[in-house]
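Protein chains: 2
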Amino acid sequence: MKIAIDGMGGDNAPSAVVDGVIKAINEYKEVIFYITGPEEKILLELSKYDYPKERVILIDAKEVISTNEHPVMALRKKKDSSIVKALNLVKDGTCDGIISAGSTGAFLAGCTLIVGRIKGVERPALAPIMPGRRGSFMIVDVGANVDCKPEYLVQFGKMGNIYYKNVFNVNEPSVGLLNIGVEEEKGNELTKATYKLLKEEKSIKFVGNIEPRDIPTGDTNILVSDGFSGNTALKMYEGSASNLLGMIKDEVIKADIKSKLGILLLKPFLKGVMKKFDYKEYGGAPFLGVNGICIKAHGSSDGRAFKNAIRQTKTFYDSGVLEEIKKEFLSEM
Amino acid sequence: MKIAIDGMGGDNAPSAVVDGVIKAINEYKEVIFYITGPEEKILLELSKYDYPKERVILIDAKEVISTNEHPVMALRKKKDSSIVKALNLVKDGTCDGIISAGSTGAFLAGCTLIVGRIKGVERPALAPIMPGRRGSFMIVDVGANVDCKPEYLVQFGKMGNIYYKNVFNVNEPSVGLLNIGVEEEKGNELTKATYKLLKEEKSIKFVGNIEPRDIPTGDTNILVSDGFSGNTALKMYEGSASNLLGMIKDEVIKADIKSKLGILLLKPFLKGVMKKFDYKEYGGAPFLGVNGICIKAHGSSDGRAFKNAIRQTKTFYDSGVLEEIKKEFLSEM
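Chains U and Y, in that order, give the protein sequences. Letter 51 of the first sequence, counting from 1, is numbered 51 in this note's numbering, and no numbers are missing. Letter 52 of the second sequence, counting from 1, is numbered 52 in this note's numbering, and no numbers are missing.
Everything labelled a hint here was simulated from the structure, so no lab data went into it. Do not take every clue at face value.
Claimed, not checked - Below, simulated PhoX-like cross-link-like pairs (lysine-lysine); rule was C-alpha separation at most 20 Å, straight line:
1. Y:235 to U:260
2. Y:41 to Y:29
3. U:326 to U:165
4. U:254 to U:275
5. Y:165 to Y:186
6. Y:267 to Y:249
7. Y:258 to U:267
8. Y:267 to U:260
9. U:186 to Y:275
10. U:271 to Y:53
What the hints assert, rightly or not - Computed beta-carbon distance windows for the label pairs:
11. Y:249 to U:260: 19 to 25 Å
12. U:253 to Y:304: 52 to 58 Å
13. U:119 to Y:136: 48 to 54 Å
Predicted model only: the values in this text are computed from it and were never measured. Cβ atoms here follow ideal geometry from the backbone N, Cα and C, with glycine treated the same way.
Looking at chain U on its own, in the form it has when it is part of the complex (with noise of 0.2 Å):
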């Protein structure tokens, strides 16, 4: 497999990249690394390290897309900037996947309009997987698509449905609606007339509404929704918990000498629950329904972050998805 890396993307890059390559390099064997960027940057980074040179591929970039300029602008404008370069990649075939930590709007307008959509997918949809209570869960979309008809949401549930199928290898993943009541007849507009469809879809198994509350259980498999109230549910799920612990530390500094001695005692125990709702443990956000393998990491990735971004790569590679999106979809039309 040879995966096509954006050298300069995150707040990190390109030190972070290059250190999550280099921990993925003896791992994953079969894999060829294509990293875009300055080529003396990138060159100074792989320096410090001893790897198999075969194996790393430079393809030089001078230009880099920051996160505030408009992306379909800069992706026109500059086309010798690492994210472009790296999306040429997959696009002319040298590559079967891309990885980039970089602008979210510039990595998602170029996967559409550089690697392109896959026949019969109106709308690509991004979909992380976040870690629940009791198992991993995935929304569907969290921004690609702020405005959206129910058509848009049905297609995100069988592209969500796929992927889960077969890179969770579980035969029949539930596909809930992310609504604000449980009843049919409960939501706005669109999660009404959402629901009307995907009751009668055949190839998911519907369990209905979700409330938000319900989705950190991890009890449904995959969560149908807007761009927009995703992006609303995927970051306040983000930023309750580190609210939480922030709150702890504010009580922390307060408390007295028993509580201390308690939080010293439980420290690598809490360590390991706040591992579970660790991003960086799950890759990054596949983008589904895009003609190429596309996986948006975090913006702050570090190199572990990096590297469990292309194991997740990988397996979405192995497991077939691509091609399981695409006949489904064609099948369709």
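Use these hints to put chain Y onto chain U, whose structure you have.
Same frame as chain U, but now just chain Y:
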């Protein structure tokens, strides 16, 4: 002050309702309570306590509206229900405010249809106050209006501003727009159009877009949102905290002796942290924009939560928020 209490609203009615009234009766000596519900049931609960009889007036109501009934249909059919009787007490001027922990749908519809909207308010909005890390915050709306126009959201901001300013004695509370990105051009059609209007609104201190992950800090006092996204954020906030604690509990069972000892030492401390997160401390959610003080208490309220909802109803009354909202919207017409 006279408060109408829906004696049969909530999972623990009527016992929790009566318990809350008794808890509040000595603290708020100038309040008279009108409890609606089946006479014999309410009397049985009251008979368990010793209290000043002249300050509790029983209004017989034989029917109860449950949470799975169609709100408007149930309101029309069940004229003798505890909620309708309580709403009528506000409508006819007998009472100054109402508290109900019953069906949210029936309560909101009843407030609008029976108590009525304030002139100039297009859509009343449900606005719970939540505990944040550095202060309380308010989300307006969390479910009364699932499909919104930009103009509604501006009104939500103005009503929230008046409430927060007067109830929390904050001179210029900050008003943010719940959105999935901080830049002005981020979001869906609704938030983009709303941003433009809020920016021009002189009567509030608009601080721009606020991402859901930054809401729990409490740094922004009032978050404006359509009811669907607001409800999603609220329920995810509640769900994440209880899920995190659940995950910790799961791990505790497997923990080693050292960690278990740590937890034992920490218990009282953690209880203090959790109290900060406890909606029961915060009373209920005011329904802003209707012509009366209408407080929706949490469905699972216990006596303490009811007592706090009574405190909140009294503060709402004393602060003159209702008159301020009327004045503001009258001047607009």
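For this session: For the pair we were handed, residue 186 (chain U) and residue 275 (chain Y), check the Cα-Cα distance against 20 Å.
Result: violated, 31 Å
Exercise. Given a hinted range of 52 to 58 Å, is it respected by the beta-carbon distance of residue 253 (chain U) and residue 304 (chain Y)?
Worked result: violated, 28 Å
Exercise. Has the given pair, residue 235 (chain Y) with residue 260 (chain U), been kept, meaning a C-alpha gap of at most 20 Å?
Worked result: It is violated: about 32 Å lies between the C-alpha atoms, which goes past 20 Å.
For this session: For the pair we were handed, residue 326 (chain U) and residue 165 (chain U), check the Cα-Cα distance against 20 Å.
Result: holds, 15 Å
Exercise. Does residue 29 (chain Y) lie within 20 Å of residue 41 (chain Y) when you go C-alpha to C-alpha?
Worked result: Given pair residue 41 (chain Y), residue 29 (chain Y) is violated - Cα atoms ~25 Å apart, limit 20 Å.
For this session: For residue 119 (chain U) and residue 136 (chain Y), compare the CB-CB distance with the range 48 to 54 Å and indicate the outcome.
Result: Holds, since residue 119 (chain U) and residue 136 (chain Y) (Cβ atoms, about 51 Å apart) stay within the stated range.
Exercise. Does the structure keep residue 258 (chain Y) and residue 267 (chain U) at a Cα separation of 20 Å or less?
Worked result: Holds, because 10 Å separates the two Cα atoms, which is no more than 20 Å.
Exercise. Can the restraint linking residue 165 (chain Y) and residue 186 (chain Y) be considered satisfied, given a maximum Cα separation of 20 Å?
Worked result: violated, 28 Å
For this session: Measure nothing beyond the straight line between the CA atoms of residue 271 (chain U) and residue 53 (chain Y); if it is 20 Å or shorter, mark the hint as holding.
Result: violated, 55 Å
Problem set entry | Proposed proximity, residue 249 (chain Y) with residue 267 (chain Y) (alpha carbon, max 20 Å) | holds, 12 Å
Problem set entry | Straight-line alpha-carbon gap residue 267 (chain Y) to residue 260 (chain U), limit 20 Å | holds, 12 Å
Exercise. When you check the alpha-carbon spacing of residue 254 (chain U) and residue 275 (chain U), does it fall within 20 Å?
Worked result: violated, 26 Å
Comparing the model with each numbered hint stated earlier shows that hints 1, 2, 4, 5, 9, 10 and 12 do not hold.
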